[in-house]
Amino acid sequence: MATIADDLRPLHHPKSWVGKYVWSQDHKIIAIQYAVTAIGVGIFALVLSFIMRLQLALPGQFQFIQPDNYLQFVTMHGMIMVVYLLTALLLGGFGNYLIPLMIGARDMVFPFVNMLSYWFYLLSVIVLFAGLFVPGGPTGGGWTLYPPQTILEGTPGASWGILMMMASLAIFVVAFTMGGLNYVTTVLQARTKGMTLMRMPCSVWGIFVASIMGLLAFPALFVAAIMTVFDSIAGTSFFVPTIVSMGKTLGHAGGSPILFQHLFWFFGHPEVYIVALPAFGIVSDLISVHARKNLFGYRMMVWAIIIIGALSFFVWAHHMYVSGMNPYFGFFFATSTLIIAIPTAIKVYNWLLTLWRGNIHFHVPMLFAIAFLFTFIHGGLSGLFLGNVSVDVPLSDTFFVIGHFHMVMGVSPVLVIFGAIYHWYPKITGRMWDERLARLHFWITFIGAYAIFLPMHYIGMLGVPRRYYALGETVFIPQSVHYANMGITIAAGIVFAAQALFFYNMIVSLFRGAKADPNPWGAASLEWQTAETPPGHGNWGATLPTVYRWAYDYSVPGAARDFIPQNEAPGGTAEPHPS
Amino acid sequence: MEQGQVAAEAEPGGVPAALRGFATDWSADQETFRHVHWGKAMIWIFLLSDTFIFSSFLVSYMTMRASVTQPWPNPSEVFALSFGGQPIPLILIAIMTFVLISSSGTMAMAVNFGYRRNRKVTAGLMLATALLGATFVGMQAFEWSKLIHEGVRPWGNPWGAAQFGACFFMITGFHGLHVSGGVIILLVVALKVWRGHYERSGDYSAVEIAGLYWHFVDLVWVFIFAFFYLW
Ligand code: HEM
Ligand SMILES: [Cu+2]
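Residue numbers (my numbering), protein chains in the order written: chain A, 1 to 579; chain B, 1 to 231.
Keep in mind that the hints were calculated from the coordinates and are not lab data.
The beta-carbon is built from N, C-alpha and C at its ideal position, and this holds for glycine as well.
Honestly, I wouldn't trust all of these hints.
[As the list claims (entries may be wrong)] Okay, derived cross-link-like pairs now, DMTMM-like style, lysine to aspartate or glutamate, Cα gap no bigger than 25 Å in a straight line: (1) K120(B) - D29(B); (2) K248(A) - E77(B); (3) K40(B) - D203(B); (4) K248(A) - E532(A); (5) K146(B) - E199(B); (6) K193(A) - E199(B); (7) K193(A) - E532(A); (8) K193(A) - E77(B); (9) K193(A) - D434(A).
[Stated by the list, open to error] Here are the computed distance ranges between Cβ atoms for each label pair: (10) F98(B) - P241(A): 19 to 29 Å; (11) D68(A) - R65(B): 29 to 39 Å; (12) L471(A) - S55(B): 15 to 25 Å; (13) A130(A) - V15(B): 36 to 46 Å; (14) Q149(A) - I95(B): 54 to 64 Å; (15) N118(B) - P520(A): 26 to 36 Å; (16) T242(A) - E77(B): 51 to 61 Å; (17) F142(B) - V244(A): 36 to 46 Å; (18) E153(A) - Q70(B): 39 to 49 Å; (19) F112(A) - I95(B): 53 to 63 Å; (20) V393(A) - S67(B): 22 to 32 Å; (21) D68(A) - S55(B): 18 to 28 Å; (22) S555(A) - S55(B): 26 to 36 Å.
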């Protein structure tokens, strides 16, 4: 063993400001770099969504929105939100910040690789944005990027945009792999004394399992990207069958479009859980801390995370019921999809049972956690519709689907992210945010999310298709759809504007916020027990903490306080971590 | 992955020791894999991920081969070399496979000598491994140029389904890149061994880590060999 967890030597100690904050190898700085970049691109994607909403409410009123670029907006919005915002923020951001602190490590096991991971991520973002300026603009093939359509003339960005998108995704996969290897190895091999796997907070469990899933799911995307690029520039026919396009027979023959869909969704479905599992983990911790009660069924929660992670590799083709694949596949994948509902439901019941008779403190992070329960249960229920072949067939490619996945993988993780930022902000910055602004932000966002996405289910059931620039004068579409579209757009505008409250609050509090207590919520997990707030380089001063218990000792009868930190010895009194 | 220290006293009729060792490892604090170097743990996880990349390539290739509308060229004819007018099927591939498997042998010996702190022999064996790897890549380049000369292109070939050339160049190319990368890694580590870098740090794990990667690349080749050439 060359490296031991308690050894301070391998840590890189930069002297200059640039070494400390730019080319940093400290997991906390890397986390912040990841988070800031991800939120930055997320704002861009949010702006795109508002532009789309403008078009849907007032079709044809805006010169700068044409059918072509509507599709480009849809594609960029979807891809950025799923990959460059949520995946990067939850794993690169929260994963980096929380893993070493929560398991009592000084840093990730390979800080240099960890740093590279961020810079590759940034490169992938730069390539993505460079794709906006290539001839023909970015790809408009939808975030699913199905060939042959994405690489054929007539689709926006078919010549250059798609190549930039695929290049950017491939770089992202490399970046994620470097980060993911670090997260997984750190959790496996660099925990502190007493920190068994079954004493890790659920946040770490969620991020850990999601990282493993990423390492196994992203390869399929990587391969699909390479093959699409070859189809596009090297004249191969992996995905393109014989096609007559605009009267011409193209040079391709014999390829299989469905193969791409299989590869894409072998990545795409686990991706949903790569985003969801960290959110599940974090929300478990938020609920337990703010309800001052131990997490109900901790072991079950951990096993549910593992089982969901494993099962999610066997359900991908539920996105392909209408693709023309063998109908027996539909039977298999519908069954496996519904089986996942079991561990997921276990989690939901356990969250509710954690709240049951808890001493609930409605702090802002808790409000977001409870809001997540609403949106997630809601999205889960509409998922049951879409998981069944015969119900999915008429609903597929309608706004019902848009409503469903925004609820379950758009709004739900975003709510958790907001809750998590409010929750850990005092630790990360050492300052407290403004309570009133935060509450206002919460209520507008939560109610607004429903105002935006609930009506989408309704118009979807009426048959409004997704990815349509305008509905035109379509007979089966009643007037109420147009009212609903207008309402959705107004709500989206309000929610969009309300995010200013959040950013204002975060930025101003950074300078003017009250000095935060090192452990303002009375949380038991390790990251709140650091000697310094924000934690210094190396996290733990001279010696690593020793862990004696799980992370959920709240309201223990007979204890001096209503929580017992993980590093408090049994029978001992509160023993603050020596600095 | 390396098993941890297995609890010694196995009760008769109780849970098998290996299983108990597994349980102890996973319920331990600090490290799940006892005394496993961080780098070694990481390379194992990386190889698992890389396995998924190659599996995606191979499965795609197999489904494509099963579904193309034109006949698939016969590999034992395509990959034959003529000596004195007599075509010998797959002879080049057989030699390439032999070279690569032999390099796994020299690599395993290098790891062994590394842990015995035998600087010179380790570096020499790694150099031999790298040379064998380079030979493999060279022979692959020869094969590519031969096929290109015969008219195989990513978009078509004289004998049948266009996907033959596309899959061939893509899969062997991706594997060839892995081998080339491996040769570079081997050379770098061999140089460090030679200069006594690991002697000073007292830790020869880097040799083993490079070795794990190298064995993996060889193993992948066996699958490519079986699925692409022998099928
Ligand atoms: C206020 C926030 C948001 C609004 C108003 C919004 C709105 C929209 C709209 C209007 C569409 C296009 C519908 C169509 O014409 O097909 C769309 C598509 C999409 N959105 Fe959002 N969205 C928001 C947030 C998010 C978030 C947080 C995610 C993260 C998962 C997300 C993921 C997607 C995806 C994957 C698509 C599909 C793109 C495609 O069809 O290729 N959105 N969104
Ligand atoms: Cu799915």
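Index of numbered hints that the structure contradicts, given in increasing order: The structure breaks hints 1, 2, 4, 5, 6, 8, 9, 10, 12, 13, 14, 15, 16, 18, 19, 21, 22; every other hint is satisfied.
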